[in-house]
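In case you want the letters, here they are:
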Amino acid sequence: AQKVTQAQTEISVVEKEDVTLDCVYETRDTTYYLFWYKQPPSGELVFLIRRNSFDEQNEISGRYSWNFQKSTSSFNFTITASQVVDSAVYFCALSDPSGYSTLTFGKGTMLLVSP
Amino acid sequence: NAGVTQTPKFQVLKTGQSMTLQCAQDMNHEYMSWYRQDPGMGLRLIHYSVGAGITDQGEVPNGYNVSRSTTEDFPLRLLSAAPSQTSVYFCASSRYIGQGDYGYTFGSGTRLTVV
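For the record, the sequence lines run as chains A and B.
Heads up: the first sequence at position 60 corresponds to 60 in my numbering, and the numbers run straight through without jumps.
Heads up: the second sequence at position 37 corresponds to 37 in my numbering, and the numbers run straight through without jumps.
Hints in this document: simulated from the structure, not taken from any laboratory.
Note that CB positions come from ideal geometry on N, CA and C, so glycine has one too.
Hints may be right or wrong, so weigh each one.
Straight-line Cα separation of at most 30 angstroms, DSBU-like style, residue types lysine-lysine; simulated pairs [stated by the list, open to error]:
1. A:K3 - B:K14
2. A:K16 - B:K9
3. A:K38 - A:K70
4. A:K70 - A:K107
5. A:K70 - B:K9
6. A:K38 - A:K3
Footprint (simulated), chain B over chain A, 3 or more residues, beta carbon under 8 angstroms [said to hold, decoys possible]:
7. 44 to 54
8. 100 to 109
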């Protein structure tokens, strides 16, 4: 069965600190997609990144970076120089194995950035 | 381009009442799905559809009913509301075109309270 584990329930940092959110996944599929979403206090789900299993290049987008390692089934997310606006719940998700019609989500990590 | 539209945004129901949460997308996506979000649980799949006339159950389908008569619409029906169905509901649509091209879009959510 598919599973996504976000072991960190809540993280608190002070502004300008770097923070890494962990995501470990389980799947039998050889081709799959991984996602990160941000859910700010307003409640909507904001797409951050999609990564497919055959592309192991790390990604950097501004202060955000993602480290995908198939060998350890991990897809970790790092925010550099965190800001108060980064305070949100972050979800990691994995595409389903039978056609990509649904996602399996982790339980989320709440990030609180204080000034 | 509206994306995925959910209505209503907020709803309060009495135990035993029925209602329909509406979801519509204008991106011609084949796949549509409903998730519920509860504190500390992440998003869990209720029902999904891979095309008009085709639906299937997800992880937590009990108490909900769906149908997909058109590509655009995927309503979620609560047959007899219970306090355990108090949650935030998200509708999503997706399309898998091929490797490297996979779109997944969420609606803004419906916050449902059953008293």
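Open item on the list: Checking each numbered hint in turn, tell me which of them this model violates, lowest number first.
Closed with: Per hint list: 1, 2, 5 violated.
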